[in-house]
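J.: Protein chains in written order, with our numbering: chain B, 1 to 346; chain L, 1 to 346; chain D, 1 to 346.
Simulated from the structure, these hints should not be mistaken for laboratory data. Treat the hints loosely; a few may be bogus.
The list treats identical chains as interchangeable, and a pair is accepted whether it falls inside one copy or across any two copies.
[As the list claims (entries may be wrong)] Straight-line Cα separation of at most 20 Å, SDA-like style, residue types lysine to any residue; simulated pairs:
{"no.": "1", "residue 1": "K22", "residue 2": "A248"}
{"no.": "2", "residue 1": "K194", "residue 2": "R79"}
{"no.": "3", "residue 1": "K22", "residue 2": "C90"}
{"no.": "4", "residue 1": "K194", "residue 2": "N205"}
{"no.": "5", "residue 1": "K315", "residue 2": "G299"}
{"no.": "6", "residue 1": "K338", "residue 2": "C53"}
{"no.": "7", "residue 1": "K194", "residue 2": "A88"}
{"no.": "8", "residue 1": "K22", "residue 2": "A143"}
{"no.": "9", "residue 1": "K338", "residue 2": "S294"}
{"no.": "10", "residue 1": "K194", "residue 2": "H161"}
{"no.": "11", "residue 1": "K194", "residue 2": "P29"}
{"no.": "12", "residue 1": "K194", "residue 2": "D222"}
{"no.": "13", "residue 1": "K315", "residue 2": "A327"}
{"no.": "14", "residue 1": "K338", "residue 2": "A327"}
{"no.": "15", "residue 1": "K315", "residue 2": "G221"}
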Amino acid sequence: MVYRLSDLARVAGATLRGNGDKEIQGVAPLSRAGEREIAYCAASRYRAQISNCRAGALIVTAEDAEGLEHDILICADPRVAFARVANALCPVPVVTPGRHPSAVIAADSEIDPGASIGPCAVIETGAVIGAGASIGAGAFVGARTRVGARTRIEARVVIMHDCVIGEDCAISPGAVIGGEGFGYVRESDGHWLKVPQLGRVVIGNRVDIGANTTVDRGALGDTVIADGVKLDNLIQIAHNVKVGSDTAMAGCVGVAGSAVIGSRCLIAGGAGIMGHITIGDDVEVTAMSFLKNSVEGPGRFSSSLPATNADVWAKNVGRFRHIDELARRLRRAERAIKQLLSGGKP
Amino acid sequence: MVYRLSDLARVAGATLRGNGDKEIQGVAPLSRAGEREIAYCAASRYRAQISNCRAGALIVTAEDAEGLEHDILICADPRVAFARVANALCPVPVVTPGRHPSAVIAADSEIDPGASIGPCAVIETGAVIGAGASIGAGAFVGARTRVGARTRIEARVVIMHDCVIGEDCAISPGAVIGGEGFGYVRESDGHWLKVPQLGRVVIGNRVDIGANTTVDRGALGDTVIADGVKLDNLIQIAHNVKVGSDTAMAGCVGVAGSAVIGSRCLIAGGAGIMGHITIGDDVEVTAMSFLKNSVEGPGRFSSSLPATNADVWAKNVGRFRHIDELARRLRRAERAIKQLLSGGKP
Amino acid sequence: MVYRLSDLARVAGATLRGNGDKEIQGVAPLSRAGEREIAYCAASRYRAQISNCRAGALIVTAEDAEGLEHDILICADPRVAFARVANALCPVPVVTPGRHPSAVIAADSEIDPGASIGPCAVIETGAVIGAGASIGAGAFVGARTRVGARTRIEARVVIMHDCVIGEDCAISPGAVIGGEGFGYVRESDGHWLKVPQLGRVVIGNRVDIGANTTVDRGALGDTVIADGVKLDNLIQIAHNVKVGSDTAMAGCVGVAGSAVIGSRCLIAGGAGIMGHITIGDDVEVTAMSFLKNSVEGPGRFSSSLPATNADVWAKNVGRFRHIDELARRLRRAERAIKQLLSGGKP
Chain B
1 MVYRLSDLAR
11 VAGATLRGNG
21 DKEIQGVAPL
31 SRAGEREIAY
41 CAASRYRAQI
51 SNCRAGALIV
61 TAEDAEGLEH
71 DILICADPRV
81 AFARVANALC
91 PVPVVTPGRH
101 PSAVIAADSE
111 IDPGASIGPC
121 AVIETGAVIG
131 AGASIGAGAF
141 VGARTRVGAR
151 TRIEARVVIM
161 HDCVIGEDCA
171 ISPGAVIGGE
181 GFGYVRESDG
191 HWLKVPQLGR
201 VVIGNRVDIG
211 ANTTVDRGAL
221 GDTVIADGVK
231 LDNLIQIAHN
241 VKVGSDTAMA
251 GCVGVAGSAV
261 IGSRCLIAGG
271 AGIMGHITIG
281 DDVEVTAMSF
291 LKNSVEGPGR
301 FSSSLPATNA
311 DVWAKNVGRF
321 RHIDELARRL
331 RRAERAIKQL
341 LSGGKP
Chain L
1 MVYRLSDLAR
11 VAGATLRGNG
21 DKEIQGVAPL
31 SRAGEREIAY
41 CAASRYRAQI
51 SNCRAGALIV
61 TAEDAEGLEH
71 DILICADPRV
81 AFARVANALC
91 PVPVVTPGRH
101 PSAVIAADSE
111 IDPGASIGPC
121 AVIETGAVIG
131 AGASIGAGAF
141 VGARTRVGAR
151 TRIEARVVIM
161 HDCVIGEDCA
171 ISPGAVIGGE
181 GFGYVRESDG
191 HWLKVPQLGR
201 VVIGNRVDIG
211 ANTTVDRGAL
221 GDTVIADGVK
231 LDNLIQIAHN
241 VKVGSDTAMA
251 GCVGVAGSAV
261 IGSRCLIAGG
271 AGIMGHITIG
281 DDVEVTAMSF
291 LKNSVEGPGR
301 FSSSLPATNA
311 DVWAKNVGRF
321 RHIDELARRL
331 RRAERAIKQL
341 LSGGKP
Chain D
1 MVYRLSDLAR
11 VAGATLRGNG
21 DKEIQGVAPL
31 SRAGEREIAY
41 CAASRYRAQI
51 SNCRAGALIV
61 TAEDAEGLEH
71 DILICADPRV
81 AFARVANALC
91 PVPVVTPGRH
101 PSAVIAADSE
111 IDPGASIGPC
121 AVIETGAVIG
131 AGASIGAGAF
141 VGARTRVGAR
151 TRIEARVVIM
161 HDCVIGEDCA
171 ISPGAVIGGE
181 GFGYVRESDG
191 HWLKVPQLGR
201 VVIGNRVDIG
211 ANTTVDRGAL
221 GDTVIADGVK
231 LDNLIQIAHN
241 VKVGSDTAMA
251 GCVGVAGSAV
261 IGSRCLIAGG
271 AGIMGHITIG
281 DDVEVTAMSF
291 LKNSVEGPGR
301 FSSSLPATNA
311 DVWAKNVGRF
321 RHIDELARRL
331 RRAERAIKQL
341 LSGGKP
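Pulled out of the complex, with its shape left as it was, chain B reads as follows (with noise of 0.2 Å):
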């Protein structure tokens, strides 16, 4: 795509500044940009970057744009301009609508004429594939299972039987939705009995997905992830889950059955989530952290340890191991210190 820098301010939302007949056709890094790309200053410690780029345009605050020469976006967050400005550059690519000979296709399956369907893609019966959605290489979409308009399923995604998925989702190589929740019995003999999994996953619109991250179904209910939903990959999210819309999961975290999590909460990775607790809205949940107990938001939570050197490290846990001794022994420290302080003696 090739666009015009004014047009480009336009879609940020920023003041031009320059020539704005400028014809940009691509976005590149400050150290890399050439005269018909455009790169953005998002932070001042990266102003240095500034004089020696060969930037076409340069998207900067209003402090660091003072003195610039280059043809430039003047805004108050530049990493959103940018985004704005690479979506418009770097457009996802038009599904070509058609199905590849190679694919399984269910005959009573509803596909979208406009729907792409990818070589040796399984779709089964009664599935319904909406317009615009692409289906991956090797995916597999279960029987009833609905995709939604202009949703993308990467190659080799699993998505189980009588599964939701909304519109314009994205969900990456490898995810499984729709698996068998781990939920079991046991008997009084030790065994564990399977308790059978009846419900679904509902997935709204404009959720992402990353790779290789599971989102199990429900037992009795449903897992429901809302409107908005991004969540990164090798994430597990357990039956009966429900995710807000707008919450973000970053890689590795690990929601346990029925937790119920608020809109707009950030979970950075690795973290845990504890089964059957409420987090409310806006909570935010730092990077390998065990959120076990329910909280209400808005709020930051912590339980995670910075790592040091392993040396002093293992003395720390040493003492971390006899800290309720510890206390105990300050409590009576205290108590001889009053006593003496009181003029007393034993």
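We have chain B already, so just place chains L and D on it with the hints.
T.: Frame of chain B, contents of chains L and D only:
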């Protein structure tokens, strides 16, 4: 399936009170169950929901049964009774024997006539698939691997060569069984030399394995998963691990190489198990904990920290990094107090 | 393969003692090795097993060699010698060139005549597959992606478009290379706006990647995995990460975006690496630790807590939540003691 309530009482091992001829055809949660469905109340905190419940029948404890006008099944553990009833009313679909024409099946594999091979599945030379087993769409069964009777291999599962999967197992989509173990030695020039991984994965009967879980093959010996083990999603089982019968692990657990885990253990989500340790029978590890040393069972082990307000947490972490110094200062204070108490002066 | 023991001594870089003409055709553990097999004893704690060992030959240290009547190879590091011998006796099977008729291969891709393309594999437009490389069953190689000579891509691997995989790599089943990075900015209305992920994944030579591991493509620049890196299963490598040569990571590690990791690092299982930090060469991170800040190498870093009895643990965690208060109380006690020691009274 349709059952008379008296038959369900027998299936559940529960006592019937009410109309044994009533026909029940499904299960549902208390809040949604209709007159042809059965629901259960496992904990008294849900007792309030019963009064409005329109279920055709309920499964309750003797205590919760008092005063109810519903047709009910009375038992000690409603969760177990419900699981039995649900398995009767919602059985796993029977496999339709046959081979999809798009499957790629080695001529010298042994596929039982009662097995089902899905579209785009690949079965390699010498593989053996038992009666009533199903191989899902796009699944891969490597050379000489044996899959037992009635075992369900879901879509896109990969089982590499020379592995053994028992009977009545269920392997969820995307799981990888028998990948190469992570075995290397460092050459004197600093490069890694791969150690050939020559063992197998041997999985017993009634084992369930979750979506995108990985179980590596052994280096010289085998990786062994005993009868009745249940593994959730996104679990890593490294080479030469042994997991004892009826042990269950929740999502995102990692088990390092050559760990030996006993029977009936419960490993909660996100826990890590150190390599080369031995864990006794009936050991529990709490969520997000790190079991670093061998332990005998029974016992419950933990090292997880529950998240709290991030600012408070940061302060505590800062202190933790000086806990060794804190302990030393306390020791000095105690000595000084002792001296003071004995009337001494420095 | 069959080797004379004298040839294996040469391969191993070890000193032969005994019958160099003996023919050896396999490897086995001490406990099971037969007369045509070679075993090794890496640590003196296994020394007791040697007396009953029926192996045709043994690899031992000079110390452990004393008094043995077996034919032996003596060396400083039996594990390295064994790995060399095992690679000779059990070589990786040679690839059989050819294209399975069920594979879907773009007409304008470049497949070396010496490469092997498995059943149901999909190779997209402009992809390049090198000599002796193998693409496993159902694997996906995206448009313009290059796979180097002798690299093994196992079943169900997904490599998205425009990536580069070097020579002599091994990518285990289910791994996803080049999925979209997790890059979003928040619009003023609270919705997430995707930032196009325009970079690639560039992987060097002799890189191994584990089952179901994910490596995201870069946002503007590339995600880079240098020569000789070894990644275990279920690892997440986020966009724009750089991993230095010969670094090894065990299972379930998560590396957040733009982290730069040095050469020859050892990241143990379940560890988390913060985004945008820099890690020097020869850094070790212990299992389940969270490296939050940049560190220089060499060095060993830890923040993991070993699990203990859950009741004791709960008590210590309770104290930990008041450690800041504990530290303040200790400070007050110290002041009071100082005052008392100097003879003062309040």
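J.: Which of the listed hints are broken here?
T.: 1, 6, 8, 9, 15
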